[in-house]
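Engineer: Spelled out from the first residue to the last, the chains are:
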Amino acid sequence: MARKPIIGWLALAAVLLGFPLVFNGEYYEQLAAFVILSAISASAWNLVGGYAGQVSVGHAVYFGAGAYMPLLFYKLWAASPLLGFPAGIAVSVVIAVVIGVPTFRLSGHYFSMATIAVAELIRIVVSDWDFLGGAIGLMGPATPRGWWDLIWRSSLPYYYIFLAVLGLLLYITHRMERTRLGYYLRAIRANDRAARSLGVPVSRYKLYALMLSAAFTSLAGSLYAAKFGFVDPGSALGILVSVQMVVMAALGGAGRLLGPLLGAVILVPLQTTTNSFFGGQGTGLAFILYGGIIMLLSRYAPGGLIEVWERFQARRDAGTARRSAERNGDARAA
Amino acid sequence: MLLKAANVSKAFGGFFAVSDASLEVGEGEIVGLIGPNGAGKSTFFNCLAGDFKPTSGRVFFDGHDVTEAAAETHARLGIGRTFQLPAIFEELTVLENVMVGAFLRHPREDDARAAARRVLALTGLERISDQPARSLGTPGRKRLGIARVLATEPRLILLDEALAGLTPTEIHQAIELVRAIHRTGITLVIVEHIMEVILTLAERIVVFNQGRVIAHGRPQEIVNDPAVIAAYLGRSHARRADKP
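Chains as they are written, first to last, in my numbering: chain A, 1 to 334; chain B, 1001 to 1244.
Okay, chain A solo, but in the shape it has when bound (with noise of 0.2 Å):
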């Protein structure tokens, strides 16, 4: 697979297309459409705190921006939600830099403390602030008044939307991969000293990196907004909302392109079982299942489920060489 990769891509690219044709019915495709948005938000993460190595539990300050802009410019002016989207992303692009100018100055686990504490606040003023909907939120049109309201009944149309979003997304993170940028929040993640003995203004990258992951994470939360037509600050800023972007992105791989991908197939659908299964006491359940996870990978594969995958192809590789070897020295004695 690893020889030819256009053809896995093609793979990849047939089953994400053809899946809601194949398991159609409600549940399935609003399964399948959360998957994706998961993906796109956990993909948005993955460039900061994957590549750069810079483990932000404050995304939701993101997504949350992005969730409510659509929805307040419908409030204020009966807009179409579609004009809050590029709002949100100005609106996250500009609290990435207040946010990261400060709380890149500290490293690791502190960087990490000082993003909850900042989205948490967040949290607080907006569930306090009537302008904003309060602790009761905002609502999205009630009917369609054209495809610009982006209201459809059944959840295809937003699968699509979702997939050529994410598409998109992993396009420019594979293509940033081969660029200086891409190459340079690496060396940060591996090691910030030596990279700065290098040459790379290791604080000016690690904002450029927070700033398309701010765009994209607030892109998934006016999707998320479009699609329910409802946000409250537990929904949308809510400390679950950036620790999932983290577990997912951790599970599948962080700093892998499909890593995030992959975490989100595996995790969404467990969480709506497990929710469903549980009826609506579920929420609490989620952190069980998250911290749990969180624990098996830092104890077993913290590269993800994308590196067991490498590790176990490699001695599999191994195991074939040597075996081919014994082979022909047996031919040879023979």
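Simulated from the structure, these hints should not be mistaken for lab results. These numbers come from a predicted model, not from an experiment. Glycine included, each C-beta is placed from N, C-alpha and C at the ideal position. Take the hints with a grain of salt, since some may be wrong.
Derived list of chain B stretches under chain A, where covered just means 3 residues or more per stretch with a C-beta under 8 Å from a C-beta of chain A [stated by the list, open to error]:
hint	region
1	1069-1077
2	1081-1087
3	1096-1107
Label pairs and their computed distance ranges (CB to CB) [as the list claims (entries may be wrong)]:
hint	chain 1	residue 1	chain 2	residue 2	range
4	A	VAL97	B	MET1195	49 to 55 Å
5	B	GLU1068	A	LEU83	42 to 48 Å
6	B	PRO1132	A	ILE288	35 to 41 Å
7	B	GLY1014	A	PRO302	37 to 43 Å
8	A	GLY234	B	GLY1013	44 to 50 Å
9	A	GLY292	B	LEU1085	21 to 27 Å
10	B	ARG1118	A	LEU10	47 to 53 Å
11	B	PHE1012	A	ILE116	38 to 44 Å
12	B	GLY1038	A	HIS109	50 to 56 Å
13	A	SER324	B	GLY1038	33 to 39 Å
Please build the complex by placing chain B on the supplied structure of chain A, with the hints as guidance.
Structural biologist: For chain B alone, coordinates are given in the frame of chain A:
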């Protein structure tokens, strides 16, 4: 003078690791920095590389005052450095490690890769260019550290104990590499505590003890200097050396 440090001091709390140290390095020179453990040579070295800001004194490179400049600015101006414990990028391949350095002067990936391959050829690493850096042993790591800084196309390289922990054969090969780098016109400042190495390589030696420069001169002058012998071997040896 390419590099000039004037009266540099560095204090940690009340303790002066370096006090009032001066150094001048001309273009094309190899200067050795020696001294017993804890003499302050690494601290002084980090002040030159921009990793530490001196408590007082100034550092000039090619006429620019770089005392307050960040480490990445040093690299851009042409001061490269290696680390005592080679701080290689473990998860990247050997080639990618060197490319990170090459990107400083070559913003496009293809150009950076070509520049990195030239450096790998010079440093004898081309056969293992696609190996992950984490698979290298100590000699390979030291060599990669040097290759990576060479890729930034520096005018001056600060080598921090590039030979420590190597076997005699590896030391010999490393000395050849340092000579090859010097022949390309790069000025070198070498911190080392293996005496015979520094004596064969350096044209001029500066000796540190207890944070101060206690001697400087040609290698032959240094080995016969009573203050240097005292610092390295204790006073009784120095007295014996004093007697004819």
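Engineer: If a hint holds in the structure, say so; if it doesn't, say that too.
Structural biologist: How the hints compare with the structure:
1. 1069-1077: holds (count 6)
2. 1081-1087: holds (count 3)
3. 1096-1107: Satisfied; 7 residues make the cut.
4. A/VAL97 with B/MET1195: 49 to 55 Å: Cβ of A/VAL97 to Cβ of B/MET1195: about 52 Å, so the range 49 to 55 Å holds.
5. B/GLU1068 with A/LEU83: 42 to 48 Å: For B/GLU1068 and A/LEU83 the Cβ distance comes to about 47 Å; the hint holds.
6. B/PRO1132 with A/ILE288: 35 to 41 Å: With a Cβ separation near 36 Å, B/PRO1132 and A/ILE288 satisfy 35 to 41 Å, so the hint holds.
7. B/GLY1014 with A/PRO302: 37 to 43 Å: Cβ of B/GLY1014 to Cβ of A/PRO302: about 41 Å, so the range 37 to 43 Å holds.
8. A/GLY234 with B/GLY1013: 44 to 50 Å: About 48 Å separates the Cβ atoms of A/GLY234 and B/GLY1013, which means 44 to 50 Å holds.
9. A/GLY292 with B/LEU1085: 21 to 27 Å: Given a distance of about 36 Å, which is not inside 21 to 27 Å, the answer is violated.
10. B/ARG1118 with A/LEU10: 47 to 53 Å: violated, 37 Å
11. B/PHE1012 with A/ILE116: 38 to 44 Å: Distance hint for B/PHE1012, A/ILE116 is violated at roughly 32 Å.
12. B/GLY1038 with A/HIS109: 50 to 56 Å: Violated: the Cβ-Cβ distance is about 31 Å, outside 50 to 56 Å.
13. A/SER324 with B/GLY1038: 33 to 39 Å: For B/GLY1038 against A/SER324, whose Cβ atoms are near 55 Å apart, the range 33 to 39 Å is violated.
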